[in-house]
Amino acid sequence: MTYDVIVIGGSYAGLSAATQIARTRRPVLVIDSGQRRNRFATHSHGFLGQDGRAAADIAADGKEQLLRYPNAAWAAAKALNIKKEEGSFLIQTDSELIKGKRVILATGVVDELPAIEGLKERWGKTVFHCPYCHGYELNAGRIGVIASGELSMHHAQMLPDWGTVTLFTNQSFIPDEAQRKTLFDRGVTIDENRIRRISGNADVELEDGSTKQMNGLFTLSHTRMASPLAEQAGCAFEAGPLGNFIQVDLMTRKTSVPGIYACGDAARAMGNVALAVADGAQAGVGAHFSLLFPEHMADQ
Numbered sequence: 093m094t095y096d097v098i099v100i101g102g103s104y105a106g107l108s109a110a111t112q113i114a115r116t117r118r119p120v121l122v123i124d125s126g127q128r129r130n131r132f133a134t135h136s137h138g139f140l141g142q143d144g145r146a147a148a149d150i151a152a153d154g155k156e157q158l159l160r161y162p163n164a165a166w167a168a169a170k171a172l173n174i175k176k177e178e179g180s181f182l183i184q185t186d187s188e189l190i191k192g193k194r195v196i197l198a199t200g201v202v203d204e205l206p207a208i209e210g211l212k213e214r215w216g217k218t219v220f221h222c223p224y225c226h227g228y229e230l231n232a233g234r235i236g237v238i239a240s241g242e243l244s245m246h247h248a249q250m251l252p253d254w255g256t257v258t259l260f261t262n263q264s265f266i267p268d269e270a271q272r273k274t275l276f277d278r279g280v281t282i283d284e285n286r287i288r289r290i291s292g293n294a295d296v297e298l299e300d301g302s303t304k305q306m307n308g309l310f311t312l313s314h315t316r317m318a319s320p321l322a323e324q325a326g327c328a329f330e331a332g333p334l335g336n337f338i339q340v341d342l343m344t345r346k347t348s349v350p351g352i353y354a355c356g357d358a359a360r361a362m363g364n365v366a367l368a369v370a371d372g373a374q375a376g377v378g379a380h381f382s383l384l385f386p387e388h389m390a391d392q
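Quick note on the working numbering: the sequence shown kicks off at 93 and runs consecutively.
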């Protein structure tokens, strides 16, 4: 069987894209390995109509609703390779070879965290990256920002809207005098001691022997592609502030390779469930449009 559209990645962006295709009555397949980026977070916030729900439940509901459409199918597999052949694409998974006319990459990214003992275990629970997603739940408490580079300055500037902030520079970022004044004006405390480890709920143990108890911590992860497929296919990339992402048309989400579309965290510099869902909807519509008007596909 040849699917009209194969969506690779079954998280929020992929589910949204596949739903748009399913509603056109075209055969669509989602290939998903079950590794959502936000699988470490217990709840999702800031997504209209779903605020405070378990992140896994939102994804599970999306899958169940998608598969109500008789023309939608699901493959629990990992896509390993993509190859273009005679106007279609061949996707090799860890179990079979699948053919599709169009491909939507919703493959996501992997977060690379600062190498601090105890931080990884608390990622998504008491250590976060997005103030809009998790800041409110800290109840205007004590918030620590663990620097991972120059952009941590912006993190520290933002977070006083959500609580009392301490910036732990951890020898990753040293603010200059102008930056120190800006942070001081925002009420941010700067701690330049090196971090030894994170313990307890979100306690920052420092090398000088002191411990700063925080209600929550924020840090900026660097990201890398979770899948090699976009690179294999020859898609162009853009450099983002925290990692490369797939270059796409802003309206249709088409990549530089005709017939391949991309959406979600793999194709934008800012990750967020609501943005991923919107991205997916655009990619689904873009892919469907190209099936209707293939003569315009390269110009979309």
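Do not rely on the hints blindly, as some may be mistaken.
Below are the DSS-like pairs computed for lysine-lysine, each with C-alpha atoms no more than 25 Å apart in a straight line [to be verified]:
(1) Lys-176 to Lys-212
(2) Lys-170 to Lys-191
(3) Lys-191 to Lys-212
(4) Lys-193 to Lys-212
(5) Lys-155 to Lys-170
(6) Lys-155 to Lys-212
(7) Lys-217 to Lys-304
(8) Lys-155 to Lys-193
Hints in this document: simulated from the structure, not taken from any laboratory.
Values in this document were obtained by computation on a predicted structure and should not be read as measured data.
Violated constraints from the hint list, given by number and in increasing order: Of the numbered hints, 1, 3, 4 and 6 do not hold.
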